[in-house]
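Enquirer: Sequence:
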Amino acid sequence: MDWVKETLSDTPEIALFLCLALGFALGKVRIWKISLGGVAGTLVVAILLGMFADIELNDQVKQIAFALFIFTLGYVSGPTFFASLNRKSLKYATFTGIEVVSVLLITAAAVLIMNLDEGTAAGLLAGGATESAAVGTATDAIGRLDLPADQIATLQANVGTAYSISYICGLITIVLLSSQFFPLIMRIDLREEAAKLWAKLGGTADEDTAAPAAPAVVGREYRITTAAGRTVAEVQADLGDATIEEVQRDGEKVALTPDLPLDQGDRVLVVGRREALVGSANRIGEEVALDESMAMSLDLADVVVTRKGYKATTLGEIRRDFADERQGVYLQKVTRGDHELPVKPSTLIQHGDTVRLSGSGRDLSRVIPMVGFRLDPAVRFDMVFIAIGVVLGFLIGMLVWTVGTIPLTLGTGGGCLLAGLLFGWIRSKRPTFGQYDSGAADVIKTLGLAVFICAVGLSSGPQAVELVEEFGWGLPIAGVAMTAIPAFVSFFVAWKLMKLPAPLVLGSVTGQQCSTPGVTAVQAAAGNATPLMAYTIVYAFSNVVLPLLGPIVVAMAHALG
Numbered sequence: 000m001d002w003v004k005e006t007l008s009d010t011p012e013i014a015l016f017l018c019l020a021l022g023f024a025l026g027k028v029r030i031w032k033i034s035l036g037g038v039a040g041t042l043v044v045a046i047l048l049g050m051f052a053d054i055e056l057n058d059q060v061k062q063i064a065f066a067l068f069i070f071t072l073g074y075v076s077g078p079t080f081f082a083s084l085n086r087k088s089l090k091y092a093t094f095t096g097i098e099v100v101s102v103l104l105i106t107a108a109a110v111l112i113m114n115l116d117e118g119t120a121a122g123l124l125a126g127g128a129t130e131s132a133a134v135g136t137a138t139d140a141i142g143r144l145d146l147p148a149d150q151i152a153t154l155q156a157n158v159g160t161a162y163s164i165s166y167i168c169g170l171i172t173i174v175l176l177s178s179q180f181f182p183l184i185m186r187i188d189l190r191e192e193a194a195k196l197w198a199k200l201g202g203t204a205d206e207d208t209a210a211p212a213a214p215a216v217v218g219r220e221y222r223i224t225t226a227a228g229r230t231v232a233e234v235q236a237d238l239g240d241a242t243i244e245e246v247q248r249d250g251e252k253v254a255l256t257p258d259l260p261l262d263q264g265d266r267v268l269v270v271g272r273r274e275a276l277v278g279s280a281n282r283i284g285e286e287v288a289l290d291e292s293m294a295m296s297l298d299l300a301d302v303v304v305t306r307k308g309y310k311a312t313t314l315g316e317i318r319r320d321f322a323d324e325r326q327g328v329y330l331q332k333v334t335r336g337d338h339e340l341p342v343k344p345s346t347l348i349q350h351g352d353t354v355r356l357s358g359s360g361r362d363l364s365r366v367i368p369m370v371g372f373r374l375d376p377a378v379r380f381d382m383v384f385i386a387i388g389v390v391l392g393f394l395i396g397m398l399v400w401t402v403g404t405i406p407l408t409l410g411t412g413g414g415c416l417l418a419g420l421l422f423g424w425i426r427s428k429r430p431t432f433g434q435y436d437s438g439a440a441d442v443i444k445t446l447g448l449a450v451f452i453c454a455v456g457l458s459s460g461p462q463a464v465e466l467v468e469e470f471g472w473g474l475p476i477a478g479v480a481m482t483a484i485p486a487f488v489s490f491f492v493a494w495k496l497m498k499l500p501a502p503l504v505l506g507s508v509t510g511q512q513c514s515t516p517g518v519t520a521v522q523a524a525a526g527n528a529t530p531l532m533a534y535t536i537v538y539a540f541s542n543v544v545l546p547l548l549g550p551i552v553v554a555m556a557h558a559l560g
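Going by numbering that gives the first Met the number 0, the first residue of the sequence shown is number 0, and it counts up by one from there.
No lab work stands behind these hints: they were computed from the structure.
DSS-like mimics (lysine-lysine), calculated; alpha carbons at most 27 Å apart, straight line:
no., residue 1, residue 2
1, Lys87, Lys307
2, Lys87, Lys495
3, Lys90, Lys199
4, Lys195, Lys332
5, Lys495, Lys199
6, Lys498, Lys87
7, Lys90, Lys498
8, Lys428, Lys332
Assemble the whole structure, with the sequences as input and the hints as a guide.
Expert: Take a look at the structure:
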């Protein structure tokens with residue numbers, strides 16, 4: 000056993016990856032509808048391992064990991080955040096405002112009642128608000144207090160311990176409230192209400208699970224009989240969401256134009272949605288086996304919506320306004336930040352959203368410039384642009400404003416978050432550079448936060464028992480209150496004042512806390528993706544604002560203490 004302790008102490012890199020492995024394994028364990036997730040699981044394992052052995056990760060490793068996480072968070076959220084500053088979406092910022100005011104007031108009350116120190120207060124807020132990024136910004140702010148080094152180390156350790164306790168309480172609370180108790184209070188069948196909203200958005204009435212982004216696109220070959228004498232444009236107008244992509248006459252390809260008349264016996268390749276081609280033989284002619292010479296491949300393109308002068312509008316309005324121009328191109332998926340949205344007529348498309356289009360290369364080359372910029376699938380990470388952004392974030396974090404005796408600074412976390420927002424916004428306006436693949440961004444965010452949280456947990460281990468003994472049940476109770484009070488306030492505002500549909504009410508409540516487990520539970524209860532319609536907008540606001548509360552709560556606790 001001594002050998003194990005010495006090995007972990009002498010080689011903290013082994014302890015780091017051991018915590019990651021065990022933590023993410025623990026995070027997958029599901030009890031009812033609740034699982035901790037990899038990051039929270041890593042924190043729990045790191046605290047326990049820190050109690051077992053004296054392990055300390057290099058401060059530079061911790062800083063770099065958090066900087067990469069928080070910059071990427073801002074970079075991914077930036078386009079959605081700024082795009083949401085419009086009349087249709089801005090009302091959802093109300094829920095982020097409720098969250099901010101509530102958690103600060105509850106934290107202030109906890110500091111006064113329980114005499115919490117700066118670290119415990121910050122950890123309580125970060126955990127109760129289920130906002131891991133606030134741990135980093137608060138830890139950085141504590142490091143700038145004019146206090147002895149050993150006291151700062153203790154306060155920073157208290158952040159992680161209080162966060163772990165409060166986070167578990169907050170996670171359980173938000174999942175239970177949003178997926179179980181709030182629907183009971185509204186006296187509704189959530190699945191039925193979600194189905195109604197899904198149908199209103201343009202889905203079919205019998206869809207009770209999250210549907211694929213779009214029906215399958217298929218190709219069929221026909222021999223012209225019924226359509227003989229009609230032009231390509233006239234036949235396509237009858238078919239709806241289908242296009243004639245190739246015409247062969249006497250074994251030779253014919254130049255395809257809208258006014259090309261079709262002759263008896265011509266062979267045509269028609270591509271479109273499966274339902275559009277059902278029964279189309281009656282309007283075209285006999286369906287025949289697909290000739291290899293007529294075969295074609297559909298291209299897929301991920302396109303960032305950057306159309307100049309574009310204002311947020313619905314898919315239904317886009318389909319109506321560009322009925323002719325979009326001919327031959329099919330929408331497969333809509334992604335906003337880290338979340339995939341339902342592809343329905345009432346889905347709001349914002350500047351910076353990514354849409355996946357399919358069609359022939361000829362049709363895509365015509366339509367993509369009308370939508371925005373096509374992502375290069377070969378590029379995953381523009382190192383030059385992103386590294387410059389992180390440098391700027393560090394420089395912004397070095398700025399300090401002194402108010403009285405309290406130094407106020409954004410620190411590394413706030414600086415890199417703002418730099419990420421700025422660079423993400425620039426990228427959305429000038430998408431020819433700065434590409435950051437969503438898969439790569441997700442890996443960087445997850446790994447960066449997990450490494451930082453592991454470092455916090457390892458240093459928190461020795462003080463964990465003392466902190467729990469000092470405050471007892473006060474921390475769990477305060478953690479539940481930190482989650483439940485703003486959730487109840489937002490619930491009644493959304494339900495009674497804004498009169499939002501039930502799925503959007505619950506999506507807003509989970510979005511204000513950036514609770515992915517919460518919205519996942521709501522989606523499971525709803526049976527479709529309608530809660531995401533509100534969640535993604537509120538999430539964008541909260542994801543930017545809540546991390547900035549770290550320095551604020553440290554300054555507030557320091558002043559009250």
